[in-house]
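Following the hints, position chain C against chain A.
This is what each chain is made of:
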Amino acid sequence: MGRKLLFDKAHIENIRYYDVYRANGGYGSAEKALKSMTPDQVLDEVKKSGLRGRGGAGFPTGMKWSFIAKPEGVPRYLVCNADESEPGTFKDRYLMEFIPHLLIEGLLISSYTLGANTCYIYIRGEYAWIPDILEEAIADAKKNGWLGKNIMGSGFDLEIYVQRGAGAYICGEETALIESLEGKRGNPRIKPPFPAVKGLYDCPTVVNNVETLATVVPILRIGGEEYAKYGTGKSTGTKLISACGNINKPGVYEIEMNISVEEFIYSDEYCGGIANGKRLKACIPGGSSVPILPANLLLKTAKGEPRMMTYESLADGGFATGTMLGSGGFIVLDEDQCIVKNTLTFARFYHHESCGQCSPCREGTGWMERVLKNIENGKGKMSDIDLLWDIQRKIEGNTICPLGDAAAWPVAAAIRHFRDEFEWHVLHPEEAQKRNFGLAHYADPLEIAAPAAV
Amino acid sequence: MAEEQKLFKVKIDGITVEVAPGTTILNAARQIGGDIVPPAMCYYSKLQGSGGKCRTCLVKVSKGSEADPRPMPKLVASCRTTVMDGMEVANITSPEVLEARKGVVEFLLLNHPLDCPVCDQAGECHLQDLGYEHGAEATRYEFKRRTFDKVDLGDKIQLHMTRCILCYRCVFTADQVAGNREHGVLGRGEHAEISTYLSKNLSSPFIGNVIDVCPVGALTDKTFRFKNRVWFLKPVNAHRDCDNPKCCGKTVLWMRGDEVFRVTARKDKYGEVEDFICDTCRFDKKEAKDWVIEGPRKIERQSVISANHYVGVNKPKDTLVEVLDGRQPKLLMDIHSISQVNRPNIDLSQIEGPAHSDDFNK
Numbered sequence: 024m025g026r027k028l029l030f031d032k033a034h035i036e037n038i039r040y041y042d043v044y045r046a047n048g049g050y051g052s053a054e055k056a057l058k059s060m061t062p063d064q065v066l067d068e069v070k071k072s073g074l075r076g077r078g079g080a081g082f083p084t085g086m087k088w089s090f091i092a093k094p095e096g097v098p099r100y101l102v103c104n105a106d107e108s109e110p111g112t113f114k115d116r117y118l119m120e121f122i123p124h125l126l127i128e129g130l131l132i133s134s135y136t137l138g139a140n141t142c143y144i145y146i147r148g149e150y151a152w153i154p155d156i157l158e159e160a161i162a163d164a165k166k167n168g169w170l171g172k173n174i175m176g177s178g179f180d181l182e183i184y185v186q187r188g189a190g191a192y193i194c195g196e197e198t199a200l201i202e203s204l205e206g207k208r209g210n211p212r213i214k215p216p217f218p219a220v221k222g223l224y225d226c227p228t229v230v231n232n233v234e235t236l237a238t239v240v241p242i243l244r245i246g247g248e249e250y251a252k253y254g255t256g257k258s259t260g261t262k263l264i265s266a267c268g269n270i271n272k273p274g275v276y277e278i279e280m281n282i283s284v285e286e287f288i289y290s291d292e293y294c295g296g297i298a299n300g301k302r303l304k305a306c307i308p309g310g311s312s313v314p315i316l317p318a319n320l321l322l323k324t325a326k327g328e329p330r331m332m333t334y335e336s337l338a339d340g341g342f343a344t345g346t347m348l349g350s351g352g353f354i355v356l357d358e359d360q361c362i363v364k365n366t367l368t369f370a371r372f373y374h375h376e377s378c379g380q381c382s383p384c385r386e387g388t389g390w391m392e393r394v395l396k397n398i399e400n401g402k403g404k405m406s407d408i409d410l411l412w413d414i415q416r417k418i419e420g421n422t423i424c425p426l427g428d429a430a431a432w433p434v435a436a437a438i439r440h441f442r443d444e445f446e447w448h449v450l451h452p453e454e455a456q457k458r459n460f461g462l463a464h465y466a467d468p469l470e471i472a473a474p475a476a477v
Numbered sequence: 007m008a009e010e011q012k013l014f015k016v017k018i019d020g021i022t023v024e025v026a027p028g029t030t031i032l033n034a035a036r037q038i039g040g041d042i043v044p045p046a047m048c049y050y051s052k053l054q055g056s057g058g059k060c061r062t063c064l065v066k067v068s069k070g071s072e073a074d075p076r077p078m079p080k081l082v083a084s085c086r087t088t089v090m091d092g093m094e095v096a097n098i099t100s101p102e103v104l105e106a107r108k109g110v111v112e113f114l115l116l117n118h119p120l121d122c123p124v125c126d127q128a129g130e131c132h133l134q135d136l137g138y139e140h141g142a143e144a145t146r147y148e149f150k151r152r153t154f155d156k157v158d159l160g161d162k163i164q165l166h167m168t169r170c171i172l173c174y175r176c177v178f179t180a181d182q183v184a185g186n187r188e189h190g191v192l193g194r195g196e197h198a199e200i201s202t203y204l205s206k207n208l209s210s211p212f213i214g215n216v217i218d219v220c221p222v223g224a225l226t227d228k229t230f231r232f233k234n235r236v237w238f239l240k241p242v243n244a245h246r247d248c249d250n251p252k253c254c255g256k257t258v259l260w261m262r263g264d265e266v267f268r269v270t271a272r273k274d275k276y277g278e279v280e281d282f283i284c285d286t287c288r289f290d291k292k293e294a295k296d297w298v299i300e301g302p303r304k305i306e307r308q309s310v311i312s313a314n315h316y317v318g319v320n321k322p323k324d325t326l327v328e329v330l331d332g333r334q335p336k337l338l339m340d341i342h343s344i345s346q347v348n349r350p351n352i353d354l355s356q357i358e359g360p361a362h363s364d365d366f367n368k
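Chains as they are written, first to last, in my numbering: chain A, 24 to 477; chain C, 7 to 368.
Please keep in mind that the hints were generated in silico from the structure rather than gathered at the bench.
Please note: incorrect hints may appear among the correct ones.
[As the list claims (entries may be wrong)] In silico lysine-lysine, PhoX-like type, Cα no more than 25 Å apart, as pairs:
(1) C:Lys228 to A:Lys207
(2) A:Lys364 to C:Lys273
(3) C:Lys291 to C:Lys162
(4) C:Lys66 to A:Lys396
(5) C:Lys108 to A:Lys214
(6) C:Lys108 to A:Lys404
(7) A:Lys221 to C:Lys80
(8) C:Lys52 to A:Lys214
(9) C:Lys15 to A:Lys214
(10) A:Lys214 to C:Lys80
(11) A:Lys257 to A:Lys27
(12) C:Lys156 to C:Lys108
(13) C:Lys228 to A:Lys214
(14) C:Lys52 to A:Lys221
(15) C:Lys252 to C:Lys233
(16) C:Lys150 to A:Lys402
(17) A:Lys214 to C:Lys69
[Stated by the list, open to error] Computed footprint of chain A on chain C, listed as stretches where at least three residues anywhere in the stretch have a Cβ under 8 Å from a Cβ of chain A:
(18) 67 to 76
(19) 231 to 245
Owing to the predicted nature of the structure, the values given are computational and were not obtained by experimental measurement.
Each residue gets a CB set at the ideal place from its N, CA and C atoms; glycine is no exception.
Next comes chain C alone, as it looks inside the complex:
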C-alpha cells in the first residue's frame, strides 16, 4: 500500500482546505474557488518558473505555520509562496491586501494605452477584468504614456508592445512549449520590452501559443486582426486529427455562421489553456470542414462573451401602477402583435452560449 501523504491544512480568508505539501497559496485558493482566489496576471500553471512578477496576487500571511506562528513581515506573492501546515492567509479579508492590489493595478495601467475599443483582446482581456474588479475609476498619472518602436514578428503574430505588462509568459512559452526561443526581454526598467534582438520572424511550429498565454492584447493573431469582436462570435469546441504528435488537436473555433474567424486553445476559468495547440491548427485550418465540431463552448469567466445570459435575474418591481394610484397604464399599441423581431416565447436564458439566428428559427 502506498504511503499516505500528509496533507497540509491551510486557512484562506477563514476557509480551511487541505492540500499536498509544495502547493502554492494561489493553487490552494483555486481549490477552494470563488471570490477568494487572488487574480494572477503573470502566473501560468503550465509554465515552469512563471509568476511572482506582476504582484497582483499579493496576499497577507497572518500566521506562518503551526510550528512557527509568526506572520510574514511583507505581503507575499501567493503564486510563488508554498503553503505550510497551519498557515493562515488573508486575501479579500485584509484591507492592506486590497489597498496594495489597487496600487498594483494602477501601476499596471499607468502606461497602458487603454485602446480597448480597437484592441482585439477586448472582451477576453485579463487586464480589463482586473481593472474592472480592483482598479480605481481614473488614473492619477498626468504624463505622456510610454510608447515603443514597432517590432515586426512576422505575418502571423502581431506585437503591440505598448499594451504589454511584461508578465514573461510568452518568454517561458517559447522556451518550454515552442522549444526554440527567438524573442526575449530587452532593455531595463521602464524601457524593458519584448522583442527579437535583430528584427526577425518568430517561426517555431508552436510559437502561436504566445497569443493564448498573453493576458493582454500585446500579442494577437494577425489572421484574426480587426476581423471581428470576440463577443459577436460563437465559440464552439472542435477537434481534428493533427499530424503533429505534440499537438492535442482540441481547440475552440470562434465562428459566426459557418465562417471560422479564429482558432484558439481551450481555456479554463482562470484563462489558462487546457493543452497547447500547434500553429497549423491555429493559423491554417480556418474552414469548418477541417474540424469536427463538438458543441458550444462555455466561457466561464465573467466576460462579455458570456454576457446576455439572463439567468437568475430578479425582475425589477414595476412601480408604474403604484405611481398612477392603481390605474393600469393605457397602451397605445401592443408591440408584440406588430413586431416580427420580438419573440417573447423564446427564453434567452435557455440558450447555451451566445444567441444565434438559428435559435429564433425554431
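Just chain A, with the same shape it has in the complex:
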C-alpha cells in the first residue's frame, strides 16, 4: 500500500462533519500554525516541502507565495480555484465533497501565511451541490472558532466565501477567475501585472488549486522536510489522480510520486488493468490539454527507462516523446478507441470554451474542429492533416492565456504520434465509418537509439 497524506482518514465514516474530523486530529495543523508559528515559519515549511501547484502547471507553491506584494493598508486575498473543468479531472470534487474541512483548514493556514483576511472559493457552476457542503462546513468551523474574528486567540481574522461560477472552462484560468469573481465577463487579463501584485479588486492575490491548499495541512502536520521525503526528486509528496477511461477501477487515487505508470494502470491497488481484457492503446495522463501518448511511449521513455508518475518523468523527452502530469486527469484509451474521434471531442470542447477575446484562439479552435469533423466523417483530404498541424502551430504561444496552448497540444500530439491513423481515415473513409484503426503498432516495443560512440 502506498503511503497517503490527504486521504489517510478518508475511509472514516462521517469525516465530512466537523466533530468527526476534529476527533481524528483535524485542525491540529491549523492550531500548530496559529499558536506556535509565525507566517514566515509556515512559509518556510511549505518551501522546504517542495510542494508544487497541483492545478496543472506545477509551479512551486512556496515561491508563488513569496512573490505576493505586501503594500501597507491594502488587503490581500487568497482565492481557491475550485473551477475544476478540465475534461478527465475530478479530484477536487472528491476532496471538497468528502473532506471539506481539510480544504478549510488548508485555507486557514494559507491565509494566515499570506496575511489574507478574506478568502474566496470559486467553484464551478456544474458542482451544484458542493457549495452547500462547503457552506455547512464553513458554518461549523465558524461556530467552533476556526473562522471569524480573532481565531483561537491569535488575533488573526478570516472569512471564507463560496462563489459559484456559471460554468465556463476559461474561468479556471487565474486572471479570468478573478475577473469573474469581480462580477465581470470571464476574460483572461493580460499579464503583467501578475495577480500577486494586482489581482482581485487590484489588490495582491494568490490563486491556488484546491488540492494544493489542502496539501498544506499534512505538510504542517509532519513538517516540510518530512514531506519532501515522499515522492521522487523534485516531485515531492503525494498527488491525487483521477483515473478514468477503459480501466477496471476508475476513481480518485492518492499516489506517492514514486510509482511507475505501468504499476498505476495495472496494479490492483489502483486502476486494476484495462477493462474487458483489452490492450492499452494510448493515454492522456494529465487531463485533456496535455499531449496524448501511445502505449509504448507511455510505459517507457524514449531512452528506454520506465516512466514514473512524476512531473519530470512524464515530461521526459519534451513534447516530442513526452507529455505532462498536468492536473492529474488520467484518461486511458484501449484498442477499441479511435484517436481521431477522441481528438475531435477535445477540439469541440476547446472551441466551445474559447472566450473569444484574442483572435488565434477564437477563430482557430473552430477551424480545427471543423477540419477534424471532416476527417472523422470521411470527408477529409490528405492536406487537411498538414493544415491541422499548421493551425495548431499558429495558435500555440500566440494567445493571451494558456487556453490556446491547451487547445493546440492535443491536436499536435495526436498528429505527431498517430499520423497513420489520420491517414487511414482519409484513405479509407468508408471503412473508417465502420471499424476502428485498432491497436496497430502503438504498443510495439520502442527502438532505442544506441548511445553515440565516444
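Just chain C now, kept in the frame of chain A:
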C-alpha cells in the same frame, strides 16, 4: 531643477531608441517610425486598457533587459509589454514573428465576409491594409463563414457584426469617451458579438466616436452609408465653435464639390483620432456653411485616398525605339492636339490631396 528622468535604451530591429520607463514596445517603435512599427488592430493609445487582443503586434524579445538578458519564451504583444533597459526586440527581422503575424491575419480574415466592394470602410480599412501587407493570397478555410443576426443600433450608427474583429475599441470608447455604455460583448468564443443586450439605440452625445475607432467596417456612419466611396472624396480640415465643452470641434470634412458627405475626427498616421468629436458635429452639421474650412487634409497612410499622387516615380525606360532598330514610331495623330481632357502642362504630383476639377481650370 527637476530631477532628470532616466531613459531606457531599447533596440528594435537593430535601431536604438531611448524612451521613458513605462513606454510600451509599440510606442517605442512608433518613436522610431517606418517599417519596423508593428501593426495594431486593437490597441488605441487614447483608450485605456485597449490592446493585447488581436495579436497582430506580436514581436520577439530576444533580450529581456540589461539586468536579465534572457529572451522571453513566447512572442509578446508589443502594445501591452513595457520596455526594460537594454531590451532587444525583433519585429520584421524575425521570421518567427512574420510567420505568426501571417497566421493572425489569416485568423482575422477567416470569418470576415470580404465584402469590401460594398463596404463603406473600404479604402480606409485597417484590415484591408493589414491583409495586403501581411496576409496570404487566399484563405485555406473551406467552411461556411459565420454570420450574425442583425442588430439595430439606431438611425446614426450601422453595425455589421460579420465584419467585426472584436478589438473591443468601441466598448472602451463608450466607457471612457461617451461615458454611458449601452453596448458590449455578448456570447463566447466564435459567437462573441458586439451588441446591446436588449435591442436599443445608442444615444450618448459622444457615441459616434465608435465609428472612428472601429478599425474595420463593423461600425459605420448611417448618414454616409452608400453615399460615396472615400477615395472619390476630398478630405479637408475644418473647425467650428462647438457648444459642447468636451468636443474639440476640429474635424475632417469629406467633400465633393461643395457638398459635405461626412464628418470625421482627424486621424493620425496610425489611424488614431487626434481628438474626439461630438455627435452634433459628426451627424448634424452637413453643410459647408457650418464650418470654417482650413485647407486640404493630408492622408498619410498608404491608402487609396492618397493614391494618384505621382511623386518620385521613375519613368519606365521606353524600349520601343530599341525594338524598332532605332527608328522613331510614326504617330497616326498627336492626341494632345485634339483632346480637351488631357492637359500635360498640369503636373498631378504638384496637387495637394486628391485632384479636383478646380485644379484644371487654372
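The hints, checked one at a time:
1. C:Lys228 to A:Lys207: It is violated: about 31 Å lies between the C-alpha atoms, which goes past 25 Å.
2. A:Lys364 to C:Lys273: The given pair, whose Cα atoms are some 51 Å apart, is violated under the 25 Å limit.
3. C:Lys291 to C:Lys162: 13 Å, holds
4. C:Lys66 to A:Lys396: The hint is violated at about 34 Å.
5. C:Lys108 to A:Lys214: Within the cut-off at roughly 24 Å; holds.
6. C:Lys108 to A:Lys404: Cα-Cα ~23 Å, so holds.
7. A:Lys221 to C:Lys80: 22 Å, holds
8. C:Lys52 to A:Lys214: Status holds; Cα separation ~20 Å.
9. C:Lys15 to A:Lys214: Holds, because 23 Å separates the two Cα atoms, which is no more than 25 Å.
10. A:Lys214 to C:Lys80: 13 Å, holds
11. A:Lys257 to A:Lys27: 18 Å, holds
12. C:Lys156 to C:Lys108: 30 Å, violated
13. C:Lys228 to A:Lys214: 38 Å, violated
14. C:Lys52 to A:Lys221: Distance ~23 Å between Lys52 of chain C and Lys221 of chain A Cα, so the pair holds.
15. C:Lys252 to C:Lys233: Violated - the C-alpha atoms of Lys233 of chain C and Lys252 of chain C are around 29 Å apart, more than 25 Å.
16. C:Lys150 to A:Lys402: 15 Å, holds
17. A:Lys214 to C:Lys69: Answer holds: Lys214 of chain A to Lys69 of chain C is near 18 Å, not above 25 Å.
18. 67 to 76: violated (count 0)
19. 231 to 245: Since 0 is below three, the answer is violated.
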